[in-house]
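Undergrad: First to last, the protein sequences are chains A and B.
Using the working numbering, the letters of the first sequence map in sequence onto residues 1 to 110.
Using the working numbering, the letters of the second sequence map in sequence onto residues 1001 to 1189.
In case anyone wonders, no lab produced these hints; they're calculated from the structure.
Hints may be right or wrong, so weigh each one.
Dumping the calculated DSSO-like pairs for lysine-lysine here, alpha-carbon to alpha-carbon at most 30 Å [as the list claims (entries may be wrong)]: (1) A:K99 - A:K27; (2) B:K1044 - A:K99; (3) B:K1044 - A:K64; (4) A:K27 - A:K64; (5) A:K64 - A:K99.
Chain A side only, calculated, beta carbon under 7 Å to chain B, not exhaustive [said to hold, decoys possible]: (6) F29; (7) S33; (8) G61; (9) W65.
Nothing here was measured: the structure is a model prediction, and the numbers come from that model.
All residues carry an ideal CB built from backbone N, CA and C; glycine is no exception.
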Amino acid sequence: MLILDCPYCGVRAEETELHAGGEAHLKRFGPGSSDEDFHDYLFMRENPRGVHFERWRHVSGCGKWFHAARCTQTLEVFGTYSAQTTEPPQQITDAISAKRPGWTWRGLSD
Amino acid sequence: MSEAVSALNGASFAGLARVEETGLGGMITLRGDFASAAFRAAVKTATGGDLPDTRRIAFGDRGAVAWMSPDELLLLVDYAEAAAVTASLARDLAGEHHMAVNVSDARACFTVNGASAREVIAKVAPVDLAPGQFAPGDFRRTRFAQVAGAFWLDEADVFHIVCFRSVAAYMFNLLSTAAHPQARVGVYS
Ligand SMILES: [Zn+2]
């Protein structure tokens, strides 16, 4: 069972009160972009064993979207943070570096 | 004029706790900027209450104010007053970014009362209901088994639940089953 702290209402919510929203920090390619960029935006996703960044929604609670950084292998949660950002904040990447030295994820790394 | 009735006409069940549909309640969904002085003043005018802290409910002389999310409140007022209060909120907040909607007829209200009330709710909602963890004045949006709902605890240790009217029968059956006399767990006693 995954347990995440909602950064908006402060509830320590278990998975059944949340809705998974897929990979975090996608850059949207829409009208005017190349076919290749649009294809990658639509279909290409990270599927790591280890550090991962995701979107979640506190669907049965305050209703807000937020971000979570966690380990897909152990379910360890490194932290949750605001949806109003295009990259994880320093405190989250620091927390990951402390636990998983040398981690990488898309363009991000230790 | 038609006579408004609640979804279950005041159905009740007595078991480990007493479950009761409490009839029509006035409810207004109000969204806006909590930091705005005009918004806070409008809430005060509507209910007599101040803005509650996060996940709390505040009471005024004409109603209550529940924290739903960082930009959403649920105002609880007299059913008969809800339409008029909604209209005056719209007047008070003209020019402010906001939304005020009378949702009274979209909702059902229940109480769960008695020594095992905490246990009855804990069976069906993923919330820590230990006495020190959920106190009078606390308010929580969550799910009750398969349906969305919100609840709070009043000073008399009575739980109040609101949910969508369309799932009122489900909620009543769910709570009644959890309160079945032979379904006692005794986790909080
Ligand atoms: Zn939340």
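Undergrad: Now look at each hint and say whether the structure bears it out.
TA: The hints, checked one at a time:
1. Restraint check for K99 (chain A) and K27 (chain A): the C-alpha separation of about 27 Å stays at or below 30 Å, so the hint holds.
2. For the hint linking K1044 (chain B) to K99 (chain A), the alpha-carbon distance of about 48 Å lies beyond 30 Å, and the restraint is violated.
3. The hinted pair formed by K1044 (chain B) and K64 (chain A) meets the criterion: a straight-line CA distance of about 26 Å does not exceed 30 Å.
4. Of the pairs offered as hints, the one joining K27 (chain A) and K64 (chain A) holds, with about 20 Å between alpha carbons and a cut-off of 30 Å not exceeded.
5. With a CA separation close to 28 Å, the supplied pair K64 (chain A) and K99 (chain A) stays within the 30 Å bound.
6. Residue-level restraint check for F29 (chain A) is violated (minimum Cβ-Cβ distance to chain B is 30 Å; threshold 7 Å).
7. With a least beta-carbon distance of about 32 Å to chain B, the hint placing S33 (chain A) at the interface is violated under the 7 Å criterion.
8. Here the hint on G61 (chain A) is kept, as its CB sits about 5 Å from the closest CB of chain B, short of 7 Å.
9. Because the smallest distance between the Cβ of W65 (chain A) and any Cβ of chain B comes to about 11 Å, over 7 Å, the interface hint for this residue is violated.
Comparing the model with each earlier hint shows violations of hints 2, 6, 7, 9; every other hint is respected.
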